[in-house]
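Student: Residue numbers (the UniProt record's numbering), protein chains in the order written: chain A, 1 to 581; chain B, 1 to 581.
Where hints are given, some of them may not hold.
One copy or two, it doesn't matter: identical chains are merged, so the pair holds either way.
As the list claims (entries may be wrong) - Straight line, CA to CA, 16 Å or less: simulated EDC-like cross-link-like pairs of lysine to aspartate or glutamate:
| hint | residue 1 | residue 2 |
| --- | --- | --- |
| 1 | K475 | D301 |
| 2 | K479 | E305 |
| 3 | K579 | E16 |
| 4 | K579 | D50 |
| 5 | K274 | D166 |
| 6 | K479 | D491 |
| 7 | K479 | E302 |
| 8 | K389 | D401 |
| 9 | K76 | E23 |
Derived from the structure by calculation, the hints contain no laboratory data.
Since the model is a prediction, treat every value here as computed from it, not as a measurement.
Number of protein chains: 2
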Amino acid sequence: MQINIHQTHHTISDFEAIYSYLEEVLSNKLNCDTLHIFPELFLTGYPLQDLCLQRSFIQKYCDLLDRIVTLSQKTKNNMTLLVGGLQYEFDEENLPITIKNVIYEITPKSGLRVLYTKKLLPNYDIFDEEKYFTAGQENCIYEYQGKSLGLLVCEDMWISSMHHTDPVRELFLECEQQKVELDAIINLSASPFYLGKDNTRLIRASEISKLFGCPFLYVNRVGGEDEILFDGSSFCINGSNVTFRGKLYEKDIIKYKLEQFSGDRDLIKAFEDKLNSWESLFKCDLIKNSENNLRLPELSDEHCEHILQSLRFGIQEYAKKSGFKNFDVALSGGIDSALVLAIMKLSLLPGQNLEAIYMPGFYSASKSYDLSFEMCQIIDIKMYTLPIKFIHSSIRNQYNDVFHSPMEGLCDENIQSRLRGALLYARSNQRNSMVLNTSNKSELAVGYSTLYGDSVGAISILGDLYKTEVFALAKYINKNYSNIIPAGIIDRPPTAELREDQEDSHSLPSYDRLDAILEGLLSYQLSEKDLIEKGFDAEEVSKVYRLYTRSEYKRRQFCPIIKIKAKSFGTGYRVPICKSV
Amino acid sequence: MQINIHQTHHTISDFEAIYSYLEEVLSNKLNCDTLHIFPELFLTGYPLQDLCLQRSFIQKYCDLLDRIVTLSQKTKNNMTLLVGGLQYEFDEENLPITIKNVIYEITPKSGLRVLYTKKLLPNYDIFDEEKYFTAGQENCIYEYQGKSLGLLVCEDMWISSMHHTDPVRELFLECEQQKVELDAIINLSASPFYLGKDNTRLIRASEISKLFGCPFLYVNRVGGEDEILFDGSSFCINGSNVTFRGKLYEKDIIKYKLEQFSGDRDLIKAFEDKLNSWESLFKCDLIKNSENNLRLPELSDEHCEHILQSLRFGIQEYAKKSGFKNFDVALSGGIDSALVLAIMKLSLLPGQNLEAIYMPGFYSASKSYDLSFEMCQIIDIKMYTLPIKFIHSSIRNQYNDVFHSPMEGLCDENIQSRLRGALLYARSNQRNSMVLNTSNKSELAVGYSTLYGDSVGAISILGDLYKTEVFALAKYINKNYSNIIPAGIIDRPPTAELREDQEDSHSLPSYDRLDAILEGLLSYQLSEKDLIEKGFDAEEVSKVYRLYTRSEYKRRQFCPIIKIKAKSFGTGYRVPICKSV
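With the rest of the complex left out, here is chain A:
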């Protein structure tokens, strides 16, 4: 039995492109006698949020469904498609009463038919599916060419004590009751990427394969949706063996011949593991370093390469969907902006243009210019030097004239950062370029940036990487991509250069300690007390906690961050600005 796995890549609600894709599949005679499987919500894209409530979206989507029915009825080729889509039920006033996340069967004769409704609607972290969708109640054992296929949609494969239902168990019990031996499990997914997720998926899929004694097919979409990436990486796992892989971050069609199960059955493990669950969100994986202190786990080369590919994809997706071909990065001579520039350089496609702007002020070291210039020379990127000293002076004078109070301290520091932000955006307006934000996760967590200043940008590249990880990624890039970041940039102590002799280390704990504390607070929900019990310095913890909780207002106005980790700032992180804790 032949199964074609369509790892697709479309913009959300791009119904024309989605229709054309189906038209091509249905009209191709080579596709006959084949089962074609598509990702979850292939017909709409994902995540939709409120879009699925808007009548513009609903009307165009319903038109698409009608056109698909007509198309399938005209088709003479004998094939079957299983596609993810939405099923709406409307009331007498045409308002959506229920919306279901379903698997449609498309066949030449029957048009569209709902086979299965997603049972387990993820509703934690970035997920809001219970806000919009109604869960299914029924299992589906789908018969095709004499084979029995168990159907699941994405989250259905996972278990957690938070979930009120366990679709894998329910499917298993149904198979036992009906005395059916499945020939394959097929999971239609739209599964957001984070580092390590792919491995977790494989482990879980293998458990399910061994439970049912059949191959587990996983088809995932490709796409960058604002902050969230879908990595594709579809697969089949048969017992313990991965028998195919889809491409990473690229559309793909995998032609797969259904295999016999190989390996040992295991009727227990699949019911016990709680991977990728509510509980896993709290599981602290800080590790002890050689001095026996808790630190972030180090990024391996493999991790770094995966991150790099993810960031490149995320940038290009956002640029394409927003219509940008030009890019601007403000260089400071520091590691963050240098790394963003390096990543963007490595991401550039033909016809795209990248430029760097260096904006020295009174407190910029000449070394900052030298290093920025050196880097741009190495990677052959035009660097503009736009000094802000004179403008800064002219602002100081004008300000003092009016307020009779000189710009000093924070006021004088931030004006430089905001002036740079404004100038960067002037250039962006002039040449219609996308501004790449250069903040990192450590900065964001403690509010060590200037709102409307160095925090500006269309999208944040490093906002899900702590400062120590920024260093690791820079070193990896240098090692594997011809030393494009000057060593001097990596070696110098981090500074914002907004006053004399400013260094990050004067205001913050050392980054390895800071990052570990932040990871504890953010990813594992640890309290100050927990962190102190784990051996962190009480005073440092208390300082970091205060900075962290009091900088919520800055994060609220931050741009989308390309999501790399299981826990990130952005959609999946929602905390009141004003509170007492």
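Given chain A, put chain B in place with the hints provided.
Tutor: Just chain B now, kept in the frame of chain A:
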């Protein structure tokens, strides 16, 4: 039977203040032989979002519960408290497995006892309760001093076809089955304010009162939580009569003697109405004006006063919780900034300081200065005039020197707006003041503002009012608060003054048409097609729709907006930036 209704006002997670309040109630002998009722989640505050998952919060909350038990055991006074709080269940690793939104009974003998768990968890618009909480299954008929009291928590009182459960019906059936006649319904609420909500609450409460044949007591919290306001306004309704009202936006204690039911029973209406429901979110209330065109309903004087009080409260709550006593508003000579200044002036408390900054550029009319100055004279607010011409020139020159390309068009327009934003924040940094944003809802909806420019601010005052409503509110204030906004500001055509002879009407449809189209798109989810069918001009609709969907990226980086309407930008509005629709 004596019931004291505690309409409380505490910052989220301010456990010390919450404990002290309880201590005071329990130690007061005058409170004996009385039932004391408190709002939903009195013990924590609301909304909590991810805070209720963070161990810092959880540990401090659990400490509070322990302290309350000890306190209640020490208390000699005979009284009973019904307070809203969270009930956590933890697993063996101390992770929260379920979190319930409950009513605790506090008595001198028994300490804390859970009486009831909220059944209906709102999960639409701004609400995410299913993300965090587990719903209750059981009704509660609470016996106190020989009386039978039906307990509900907030959303439990509403019905909708989206909801899988109807707590009012379930309670009613239980009463029938047990042959109990209730003496009162008590609803503990934390119900966000929007215009018209109070009336909807009264109508629904009256229906329930008539269904059960007993008074309906409604206790609501007071507070401004970032964008969301809780208005208090607790009440008792007996049949059709309101027998007490709590204060608006102020803490209050109402001493209430339980009444006999008066009026006619109605066993049908309460099961039919769908107020404040999923469906009501779509119910279009655009009205026809004298030319038979659909327009926004006009704001009555009563609406305007309610809005004004809400905005004053919202500003002061945000200021107090963020620790600000100084305020800055950038005046432009236009209506939005003038209205913000007027509202802030009317909100000022002793010890607070408000100043205005007028920043004229090359395209600012002298009239803009005159009107701004006149207004500040009238309301006795210090106005600083900080010209940006020279700085703008110096930026133009520097920019041209570097890029060999003069600042023109959008680039030259936006730099002025961003320069003003930077200067305003310089002043804010210098005197530790809170910057009040001056954008309105129409601007926000079509992206007619400069990101990091005129869109800056800590909190948005007018972001939930369309431009036509801004005019209405300004006129109302002039009529009722001694003409503090010069007529010239209200009468002149809106302009951003960023280029020669710029007027909003050159780029946008007239505001009465624009606002009606926007309300259709935003509040009623209407499509372009729907709007055209309702009689709007096809070209205008299509232009507005394009501006609306393409400005999502600006809204993503906008500050919190004080929520005034049923449908607002902010937490309750979630749409992907990149999409095709």
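Student: Against which earlier hints does the structure fall short, listed by number upward?
Tutor: none
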